[in-house]
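Asker: Listed below are the residues making up each chain.
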Amino acid sequence: MKQTFTQAMAWLHTWAGLIIGWLLFAVFLTGTLAVFDAEIDHWMQPEIHSTPVSQLDAAQRALSYLGDHHADAKSWGISLPTERSPGLTVSTGDRRSGTRVELDPASGAVIQPRETAGGSFFFRFHFTLNLPRTFGVWLVGGLALVMLATLVSGIIIHKKFFKEFFTFRPGKGQRSWLDFHNASAVLMLPFHFMIAYTGLVIFLLMYMPAAVDSLFKGDTQAYAKAAGNARQETPRGDGGRGQPALPANLTDLAPVFAEAEQRMGPLAGLTVLNPGTSAMRLQVRPVLGNRIELSKGLNMEFDGVSGKLLKDVTPSRASLLTQKVMAGLHFAQFGGYPLRWLYFVCGLLSCAMIASGLVLFCVKRRRKLADKPVHVQRWHRVAEVLNITSIAGLSIACVGLLWANRLLPVALEQRAGHETTLFFVLWTTSLVHASLLPTLQAWRQQLASAAVLCLLLPVLGLFGPGHDLQRLYLELAAVGIGLLLLVAIRRIDRKVAQAGSAAVNAKVLGAKS
Amino acid sequence: MIAGWIASGLLLAYGAMVALCLGLDRHYRQVWGIAATLGRYRLLRGVGWLGLSVSLLCMVAAWGWAMGPVAWIGALSVAGLVLTLALPWWPRMAVASAIGGPLLSSAVALAWVLG
Amino acid sequence: MTPSLAVLSRCLAALLGGYALTYAVIAALARALPTDPVDAVIIASLPAFVVYTAAILWAFASRSALRAWVPVPVLGLPLALFAFWPQLLERLA
Chain A
619 MKQTFTQAMA WLHTWAGLII GWLLFAVFLT GTLAVFDAEI DHWMQPEIHS TPVSQLDAAQ
679 RALSYLGDHH ADAKSWGISL PTERSPGLTV STGDRRSGTR VELDPASGAV IQPRETAGGS
739 FFFRFHFTLN LPRTFGVWLV GGLALVMLAT LVSGIIIHKK FFKEFFTFRP GKGQRSWLDF
799 HNASAVLMLP FHFMIAYTGL VIFLLMYMPA AVDSLFKGDT QAYAKAAGNA RQETPRGDGG
859 RGQPALPANL TDLAPVFAEA EQRMGPLAGL TVLNPGTSAM RLQVRPVLGN RIELSKGLNM
919 EFDGVSGKLL KDVTPSRASL LTQKVMAGLH FAQFGGYPLR WLYFVCGLLS CAMIASGLVL
979 FCVKRRRKLA DKPVHVQRWH RVAEVLNITS IAGLSIACVG LLWANRLLPV ALEQRAGHET
1039 TLFFVLWTTS LVHASLLPTL QAWRQQLASA AVLCLLLPVL GLFGPGHDLQ RLYLELAAVG
1099 IGLLLLVAIR RIDRKVAQAG SAAVNAKVLG AKS
Chain B
4 MIAGWIASGL LLAYGAMVAL CLGLDRHYRQ VWGIAATLGR YRLLRGVGWL GLSVSLLCMV
64 AAWGWAMGPV AWIGALSVAG LVLTLALPWW PRMAVASAIG GPLLSSAVAL AWVLG
Chain C
39 MTPSLAVLSR CLAALLGGYA LTYAVIAALA RALPTDPVDA VIIASLPAFV VYTAAILWAF
99 ASRSALRAWV PVPVLGLPLA LFAFWPQLLE RLA
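Protein sequence lines correspond, in order, to chains A, B and C.
Counting from 619, one number per residue, gives the positions in the first sequence under our numbering.
Counting from 4, one number per residue, gives the positions in the second sequence under our numbering.
Counting from 39, one number per residue, gives the positions in the third sequence under our numbering.
To be clear, the hints were calculated from the coordinates, so they are not data collected in a lab.
Where hints are given, some of them may not hold.
Unchecked claim - What follows is a set of in silico ranges between Cβ atoms, one per label pair, in the way DEER data are often shown: (1) B:Gly103 <-> A:Pro991: 52 to 58 Å; (2) A:Gln1088 <-> C:Leu126: 55 to 61 Å; (3) A:Pro1056 <-> B:Leu106: 22 to 28 Å; (4) A:Val1028 <-> B:Pro72: 42 to 48 Å; (5) C:Ala70 <-> A:Trp959: 41 to 47 Å; (6) A:Ser924 <-> C:Glu128: 34 to 40 Å; (7) B:Ile102 <-> A:Gln880: 39 to 45 Å; (8) B:Gly36 <-> A:Ser738: 52 to 58 Å; (9) A:Ala1121 <-> B:Leu53: 26 to 32 Å; (10) B:Gly36 <-> A:Trp959: 54 to 60 Å; (11) A:Ala1117 <-> C:Met39: 39 to 45 Å; (12) A:Glu1031 <-> C:Pro111: 56 to 62 Å; (13) A:Gln625 <-> B:Trp92: 32 to 38 Å.
What the hints assert, rightly or not - Partial pick of chain A residues on the chain C-facing surface, computed with a CB cut under 8 Å: (14) Ala727; (15) Pro731; (16) Ser771.
Idealized CB from N, CA, C, for every residue including glycine.
So that you can see chain A by itself, here it is in the shape it has in the complex (with noise of 0.2 Å):
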């Protein structure tokens, strides 16, 4: 391949860009959704309520629930509510197998909320596009690193990069969705590096373990241990020195609250280790996002019956430090909602970046392509049906998931799996819509269904049950996406009239001549 330096990054960019793009904004979007996973968590599960009841009140009413149901467990879990999840969650044995309860704070009466997928699902597709764990991950990885070469050569190619900072020219056909892929992407640059990157970042070790295999022999345990994040022991069940354990009462709740918070700022919930012995112990967890730094797994652990302090927080040393702030600039758990919304906003545009690139492609080519050889023509066809499946089938297939929520019988047997089995009939469907009928057609009915779907949202949710605060904002942000929706469909019409109209001038000026 003979070419210059800027032909052969044109050509890198064209071609990683449309191979990863399809699955990129795929990872874009749910990542985009899974910025309020707990707020559609919320939302899928109607009813859960949002009352007004202190963390303390909840945790009492929690503990007085294990006490009479579950004095004998090793272990007992609580999730506090908090201002993202108004629940209270009760559970005992182990994170993945025991039993989880939900409570209503309030009464401390047990709730049978519906089974859900919900927004957990958009997260997990997010970094596993619904894979085996370990071979998502390494997929979504290599998209991402692919991401970072596409960005870097698309600077490239770019010769007039501050001249047509503000650029963008509408109604021009190719040179605007040119002008907004390139104002898109500038223009959040410094996002679309930093979510690329930081998102590597959270796999670092597993992606790239030649620092571990170089200086421990690849012992991740070893590494582990001297990183100071080897696995917690539980303290022993008993008296200590081998005695039986004594039955305890467990310390006031108050002031232990109060210290976990000021240190650790808002509390998400509290582990109790053998409870109503005298080896209780209370680990107690902030809300993830009380700084940029990613805190999964950080705690401060009290004694249970006196209440005292006996493992404080310690700072991370510096290195793992910068490496939980890179991780935390990804999953953007801090700031509080203003940042959520900024972060989601973001994700937005970078999805509309994406589109647009894969858009680019197809509408370069459509006016080319008459007179090529019937095989190349194919593969441009293969590219527009893949265009329309991945993004609007993609928006279809989301969105209904929320539908498949509210119109699927609460008590049907397996309930999540029949949730998720109905986004990807949805996705699978806009796939073979898109591959019987015409682009443009096609774009317009998937739209339009999407659309339709988000603008309905809130009458799905006022109809049901549990409606609140927390979930007319989701339904009014689905409203607002449907609305944007409306006018890229305009668009797409009055794109249709003018070549209507340019077809219909032709024929006239055909006909004088």
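For chain A, the structure is supplied; the task is to place chains B and C on it using the hints.
Answerer: Here is chains B and C on its own, set in the frame of chain A:
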């Protein structure tokens, strides 16, 4: 109060982007129909950079020095894109909206000083 | 070399060769850093994706599809030797 700083930061970011944009010949012509002197372009760009700095201070006032810069960069990107999309259709209004930033931030700063 | 083979060669050089090269660079960097091993692991690993991205760009910018592979043995091998020499010595002893 924090909401005031955030809103100020956002609007100032937008206003600063307007100033920087008008400091480019092609966009000055796009909005006003005529070109300006080199001195005026430099002045506009200077005002723009100043606006960006004050916007950063507002974000830091709202969130501190760790999260503030993160929010600021995000605000710049979104403000820039909003301006870019608004310019072709509503050029005069897009530019006129730039006044919101200085107005609100002055009010918030005054409230902060007096309060 | 047919065009398709050339493209394939560059893609493999970018993804597989790039990974191998990055692996060697990071391992060598970790060995070279004078800090505590835990710190060295993180500090050396964080730039991994900058290196990998550069390797991908090289694979497509290089003048021929064969040249795309050059950094892997030329840079990668010595760096890997440097990174893993204690383990190699153990094996040989």
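Asker: Each hint needs a verdict: does it hold in this structure or not?
Answerer: Structure-based check of each hint:
| no. | hint | result |
| --- | --- | --- |
| 1 | B:Gly103 <-> A:Pro991: 52 to 58 Å | 56 Å, holds |
| 2 | A:Gln1088 <-> C:Leu126: 55 to 61 Å | 59 Å, holds |
| 3 | A:Pro1056 <-> B:Leu106: 22 to 28 Å | 50 Å, violated |
| 4 | A:Val1028 <-> B:Pro72: 42 to 48 Å | 46 Å, holds |
| 5 | C:Ala70 <-> A:Trp959: 41 to 47 Å | 44 Å, holds |
| 6 | A:Ser924 <-> C:Glu128: 34 to 40 Å | 51 Å, violated |
| 7 | B:Ile102 <-> A:Gln880: 39 to 45 Å | 43 Å, holds |
| 8 | B:Gly36 <-> A:Ser738: 52 to 58 Å | 54 Å, holds |
| 9 | A:Ala1121 <-> B:Leu53: 26 to 32 Å | 53 Å, violated |
| 10 | B:Gly36 <-> A:Trp959: 54 to 60 Å | 37 Å, violated |
| 11 | A:Ala1117 <-> C:Met39: 39 to 45 Å | 43 Å, holds |
| 12 | A:Glu1031 <-> C:Pro111: 56 to 62 Å | 58 Å, holds |
| 13 | A:Gln625 <-> B:Trp92: 32 to 38 Å | 35 Å, holds |
| 14 | Ala727 | 48 Å, violated |
| 15 | Pro731 | 40 Å, violated |
| 16 | Ser771 | 7 Å, holds |
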